[in-house]
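> The primary structure of each chain is shown beneath.
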Amino acid sequence: MRPVGAWLIRLCGLFRKEHLERELSAEIESNLQLHIEDNLRAGMVPEEARRRALMKLGGVEQAKEAYRDRAWIPWIDSLFRDLRFGARMLRQNRGFTAAVVLSLALGIGASTAVFSILDTVFLRPLPYSDAGRLVWVSIRFPSFNTEFLPSPDYVAWRRDNHVFAQLAATQYGGGGTMILGGSDPAEIRAWSVSYNFPAAFGVRPELGRFFRPQEELPNARRTVLLTDHLWRDHFHANRKIIGDTIELAGQPYTVIGVLPPSFMLPMDVKADVLTTLPVSPTATDHGSAVMTWSAMGRLKPGVTLAQARANVATLFAASKADLSQMFGSDTSPVVEPLREHWVGNSHLLLSAVAAAAACFLLIACANVANLLLARLSTRSHELAIRAAIGAGRGRLSRQLLTEVALLALIGCAGGMAIATVALRGFVHFAASAIPRLDEVAVDGRVFGIAVLVSVLTALLFGVIPALRAGRVDVNAVLQKSARMGLAGRHGMLRRGLIAAEVALSVILLSGAALVLQTLWHLENDHLGFQPEHVLTISLPLRGTKFWNHSKALTQNLLPYLRRIPGTEAAAISECTPLTGGSLFETFTRSDRPLPEPWHRGDNIHVCNTGPDYLKAAGIPVIRGRSFTEQDFHHPGTLAVINQAAVRAYLADGDPIGKRIGGGRWGTWKTVIGIVADTKNHGLNHPAAPQMFVDNEVPDSTSLLFLVRSVADKAALTTVIRGHLHSLDPNLLARFKTLDQDIGRMTTGPRFDSVLFAAFAFVAFLMSVVGIYGVLSFSVAQRTQEIGIRIALGAEPRRVLEMISREGAVLLGVGIAAGLGASLALMRYLKSLLYDVRPNDPATYAAVIICLCIAAGIAIYVPARRASAVEPITALRHE
Amino acid sequence: MEKTSIWQGTLALMTLKTLDSMGPLHGYGIARRIEQTSGNVLSLNYGTLYPALLKLEQEGYIAPEWGVSDNNRKAKFYRLTRAGRKRAQQEYRDWELAISVLARFLPSKEEA
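Protein sequence lines, in the order shown, are assigned to chains A and B. Under the numbering used here, the first residue of the first sequence is numbered 22, with each subsequent residue one higher. Under the numbering used here, the first residue of the second sequence is numbered 111, with each subsequent residue one higher.
Calculated from the structure, these hints are not laboratory results. Do not rely on the hints blindly, as some may be mistaken.
[To be verified] Simulated crosslink set (SDA-like; lysine to any residue; CA at most 20 Å straight-line):
no., chain 1, residue 1, chain 2, residue 2
1, A, LYS85, B, ALA162
2, B, LYS186, A, GLU58
3, A, LYS851, A, ALA866
4, B, LYS184, A, GLU86
5, B, LYS184, A, PRO206
6, A, LYS38, B, ALA162
7, A, LYS566, A, GLU50
8, B, LYS186, A, ALA87
9, A, LYS85, B, TRP205
In isolation and in its complexed conformation, chain A is listed as follows (with noise of 0.2 Å):
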C-alpha cells in the first residue's frame, strides 16, 4: 500500500472533480459499447445485447458514486460546504458573532498571557545549571526591615558549613556604579562577589578564567570579571583583554576574564564587571567593620534544604553568642531556594493578576455559553426542518459543530493576537517590578489550555444540547406551540450563568476598585513637598580629579547653580524628600538615658543637608526655623526634624530646642524645626521619623545636588553637563527630576490598576450584555404569552414588572455571591493596598451601584420592549 502517495492524489482529485467526472463517464461508456458489440457478435439482437450489457454494469449511478468516494475525499467537501454555510451563518448573525469571538479572544488571550507569566516567572527553573540546589541564605532582621548576612558571619559560615558545596557572598542589593576610565570613560555598574560566586551558580568563563581565592583578600591585586556585553560593546570583543589592566574608580584593576553572554546575574541585578568583595578570613570578629552581604549557596549533592536549615541554625546560634545584641530575640536564619527569594515580593500581585485572569475566562466562558445556548435555542425550528427532511444527526451535528468550531478558530486566532500584545504591554510597563519578565513569551501550553477550556465550552453548550434536542422530538419542536420548549429547558442553566458572571464581574470590580482608589491615594496624597520643578543631579567622584576633593567641587557647582537663570534655590544634601538619608540610626535625646549598643528600634534616618536643602525640595516649615547660612558655621549642631519624628520620640512637650542625636553618634544637636513629612519611605508608606543636620556633607563618594527652577529641564541639564565636563572630563553626572522619581514609584500600582481595571471593565460589560441577551430572549419567547396576558387585560406596568423582577432576581443573587466571596477573597491583596481597607464599605457600595445601574438599564430595555407588545401582533407571531 502506498497510502501517502494515494491521498496527496485523492486531494488533488478535490480540484479536478469536473474532469474526474467526465474521464469515468467516457470509460464507462467506451467499455459499455465494447460489452455490447460482443453481445452483438454472440448473437443477441441490439436491444438484448444493450439490455444485458446495462445489467453487468449494475447501477451506473452507484458505480460513480463509489468512484466519486474514491477519486477525492467526499467529507472534504461537504466540510467546505459547511463551512461556507456555517460562515454564512455567522455573517448574518453579526452580533452573536462578535459576541463569541471577542468573549473568546478576549478570555483566552488574557488569561493566557497572564499565565504565561506566571509560569515563566514561578515554573521554570532559573537558568543556572542544576538550579534547585541554589538557596538564598541571610539573617532576617525584622526590625530593619530587610534580611542581609553580615560579612564576620559569612566568613565563619563558609568555613564552618558541612552543607554548602559553595556558598557565595554579594553585595547587598544591587551593584554600584563606578567609572572605566581610559579613553572613552563611561559609567559602568559594578557587583562585588566572593571568589565562588561563579562556581556556587555552575558558570564557566567565556574567556580567560574566573577569580582564585587569594584575589578576594583585602590587599590582594585588584580583578575583574567583565559581562560579556560590555566586553562586546565597549571592549569591541577583543580577545587580547585578558591580562590587560583597565582603570575603575581611579584604581587599576587586571581583566581576568568574560562571563558567558547567557549568564544572568541573579536577583535580576543589572551589573557590568564583577569584582571580588575584600572577604578577610581572619575577620570573623564584629568588632571589626562589619559589611552587610547577600550570601547564596549551592547544596552538596544529596544535602536536603531541611539539613541545611538545621546546620544554619546552628551556625547562627554560634553568632548570636558571639554577639547577642546585634542579633535580637526576633532575628532569625533564612535558608530558602533562589527562586522563593527571587520571586519574593510579586507573589502576591501575579496570583491577583492570575486570579482575576481566571475569573475573566469563567466569565468568558459562560458568554459564550451563554450566547451558544440562546442561538441554539433560535434555532430549534431550524434543526427540527433539517431533521425532518433526513438530515441525519451526524450530518446535523457535524454542520453545528462546524460552525461551532468556526466561532472557535476565529476566537482563538483573536486570543493568540490579544495574548501577544497584552505580553508585550505586560512587559514593557511591569520589566521593572517583576523578576524574570523579559524571559516571557507566549506559552503554547498555557495558550492550549485556554482553547481547550473555550472550545470545550463551545462544545459543550453549542453542540450537545442541539443534538438532545434533536434527537427528542423533531415533531414536538415542530409544532408552534412547543416552541418554548427548549427555552425552558435551558433556561435555568442560562439564567444560572448570568448569576456567575454577575458574581464574577461583581470581585473583578472591587477588586480593582480598591487598587484605582490606591493608585489614587498613591498619585494624590499630600507628598508633603512640591515636587514639581526640581532636578537633583548624582556626581560619582571616584575615578575623577575631585576623588578626595568634594569640597572643592561644591564650592564651585554651588554658585555655579545658583547663578543659572530661573534657577530658585540650589543645594548639597544626602536625601531627597523622596529618600531618608544615608544614615538610619537609634534616636537618642539629651534628656533621656541613652539606649545601650547595638539597640535596635527607635530608628531615625538622618541627612546631612547644606543651606538652602529644604527651599530646594519645598517642604515647608511647620514650626521653628529653617537652616541659615550663619547655622553652617558650626556643622553638625543643629536639627530640624519631621513630623513623624516629634510623632514618634518627642511628642511630650515642646520639641524645639530638645537637643537629639547625640552621645555615641557624635555632637548633640539643638531643635530649631519641625517641617512636614514627606513620603521618604516609599509611596505607600508613611513617613518615617527623619532628622536633617547642618552638615555640608563629609566627603563622600559620590555628591547629591537638588535644583529647584522654572528652567526647561532639557536645557538645564544641557547646561549643567557642559559645566561639569570643563571641570572634568571624567565626570558623570546623573539628572532626573523629583517627578521622574515619583513616576518610577507608582509604575508599578499604575500598571496593577490598569490591569485590573481593564479586566473588571470588560468582564462588567460581558456580563452587562449577558443579562440583556437573556431577559431580551425571554421576552421573544414569551411574545406570545405577554401578547395573551395583555389581551386578558394585565396593565403594561405589571408586564413591566414582571420582566425587571426576573432580570432584578439575576442581579440580586449575583450581586450577593459576588459580594460574599469578594469579602472573603479581597483581604488577601491588603498587602496591594495603600490606604484603603480591604472591606471598604464605601468602595463595595459604588461598585454595586454602578452594576445596578448598568444592569438597570439592560433589564428595562427588554421589560420595556415586552410591556409595549400589541396583543394582536403578539398572537399573530408565528
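We have chain A already, so just place chain B on it with the hints.
Just chain B, lined up with the frame of chain A:
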C-alpha cells in the same frame, strides 16, 4: 460458492495478475478476463471495477492510457507499472503462503 461474490481484497490481485499476463487491457477486458480465468465461477458487477482500478491507479500500480481497441473503438487501457509488477508478485507470494497454510487444515482429495 455464490457466483457473484468476490472475496474482499482479491479483486486487486486478480486485476494485477491479469494485466501481468495479458499486457495492457481496458476495464471491460479486465473484467471479462477475470471471469474467464475463474472458469466463470466469478461473476463481476462491472461497475465495481472502476473504483478498484482508480485505487490501484492512485497507488501507482497501474497507469491508464487512452488507446484504440481491436475493433477500432476508443478505450482506456491500463498498463502494469514496475511497482505494480512487484506488488503483484508480492501479493501472489502472500496468497500462495496463505493457501498452503490453509491447505494443511483442509482434507486433501486422497484422504477424502
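> So, for every hint listed, does it hold in this structure?
Against the structure, the hints come out as follows:
| no. | hint | in the structure |
| --- | --- | --- |
| 1 | A:LYS85 / B:ALA162 | 12 Å, holds |
| 2 | B:LYS186 / A:GLU58 | 16 Å, holds |
| 3 | A:LYS851 / A:ALA866 | 19 Å, holds |
| 4 | B:LYS184 / A:GLU86 | 24 Å, violated |
| 5 | B:LYS184 / A:PRO206 | 91 Å, violated |
| 6 | A:LYS38 / B:ALA162 | 18 Å, holds |
| 7 | A:LYS566 / A:GLU50 | 105 Å, violated |
| 8 | B:LYS186 / A:ALA87 | 19 Å, holds |
| 9 | A:LYS85 / B:TRP205 | 30 Å, violated |
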